[in-house]
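2 protein chains.
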Amino acid sequence: MSRPTMELWYEFASSYSYLTVMRVEPLAREAGVEVVWRPFLLGPVFLALGWNDSPFNIYPPKGRYMWRDLTRLAAKYGLPFRVPSQFPRNGLLAARVALRLAHTDTEGAFSRGVMHANFAEDRDISDPGVIADILHGLGLSPDPLLAEAVTPENKLALRRQTERAAELGLFGAPSFRVGEELFWGNDRLEDALEWAVRHV
Amino acid sequence: MSRPTMELWYEFASSYSYLTVMRVEPLAREAGVEVVWRPFLLGPVFLALGWNDSPFNIYPPKGRYMWRDLTRLAAKYGLPFRVPSQFPRNGLLAARVALRLAHTDTEGAFSRGVMHANFAEDRDISDPGVIADILHGLGLSPDPLLAEAVTPENKLALRRQTERAAELGLFGAPSFRVGEELFWGNDRLEDALEWAVRHV
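Chains as they are written, first to last, in this note's numbering: chain A, 11 to 210; chain B, 11 to 210.
One chain only, chain A, in its complex shape:
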């Protein structure tokens, strides 16, 4: 019998991805669902939709609302949150490192560390020193991982993962994929997990 599985597509720059990345593991464990972590870049996906920036910056009323909504939701979930002084931050290096940690027992913890740095500590996650701090805190050697992150093979792997996101019809993050079924947004995390359990 196969175990129910849910792909989590997330971007380190994405504010609603923060909420999901921090929440997903206990909820998935409780539901008995395996999470497949799929870091990708929203930039190219947004460009294909005609946006050269976050829609939260392009449409100011949406942006103002989003920060208020995030503040309320973080309080509801008991998560620390500070409106970052820069948005969106460049999540490229973090995504490349996350890809190197795929299928290891630290990929979730690394992702939470990056999200916490960006959305709770207001640190610049595009700075290799910040990423090194996070890796260090997980008991990992930063230097080899930072070197592996920028090899041509790994750069290509992230580009392919991002192209795959667009092929799958993703247009935002976080998104969840269960079989052929797509769910969009932190608000759908519970529904996606339930779908995985019911349609295994």
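Wrong hints could be hidden among the right ones.
The list makes no distinction among identical chains, and a pair is therefore deemed to hold if it is satisfied within one copy or across any two copies.
Claimed, not checked - As a list, the in silico EDC-like pairs of lysine to aspartate or glutamate whose alpha-carbon atoms are at most 16 Å apart:
(1) Lys-86 / Glu-204
(2) Lys-86 / Asp-201
(3) Lys-72 / Glu-191
(4) Lys-72 / Glu-177
(5) Lys-165 / Glu-177
(6) Lys-165 / Glu-191
(7) Lys-86 / Asp-197
(8) Lys-72 / Glu-200
(9) Lys-72 / Glu-17
(10) Lys-72 / Asp-153
(11) Lys-86 / Asp-153
(12) Lys-72 / Asp-132
(13) Lys-72 / Glu-117
(14) Lys-86 / Glu-17
(15) Lys-72 / Glu-131
Derived by calculation from the structure, the hints in this document are not laboratory data.
Using the hints, position chain B against chain A.
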């Protein structure tokens, strides 16, 4: 002691407004919250954001996803749902009639009737005959209401309500306003009601 109140801002053409309009009354009753119905037009609000059509039509991946999401959510809520053959339909006449029914005991039932026609029966809600059918079903005389709907005063009242929506920072529907607090989307209905109860 004042009773908790929640403004429901909705548009008859809006797919997610359908879910909320059908769900709101039992949930509000249970929470002890009074609903103030605020029909408005999304068209002018979208135009101010640079959209001359529904974003679900402008951005095809968002549109494809939305219909699938609506189908799943309607099933979850036990609501009938059929993807309308035309989207968005023109909700102008329905909104003008709804405004005439404000603060009467039929405004909720009329709004549900229009939503059901659009999203469960695939009927053209811009057709005065369809609106007349709905009014008739509620025991109301269609002709005087349809005449009152298009007086200059009532047209102006709807225009003012739509301008007010933009002033309040609304950028989509359904939206909920509780005091100064804004909530956007059918997904926030429960949170908005809870906010109304806690912050009365």
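Practice task
Would you list, in rising numerical order, the hints stated earlier that this structure does not obey?
Solution key: 5, 6, 8, 9, 10, 11, 12, 13, 14 and 15
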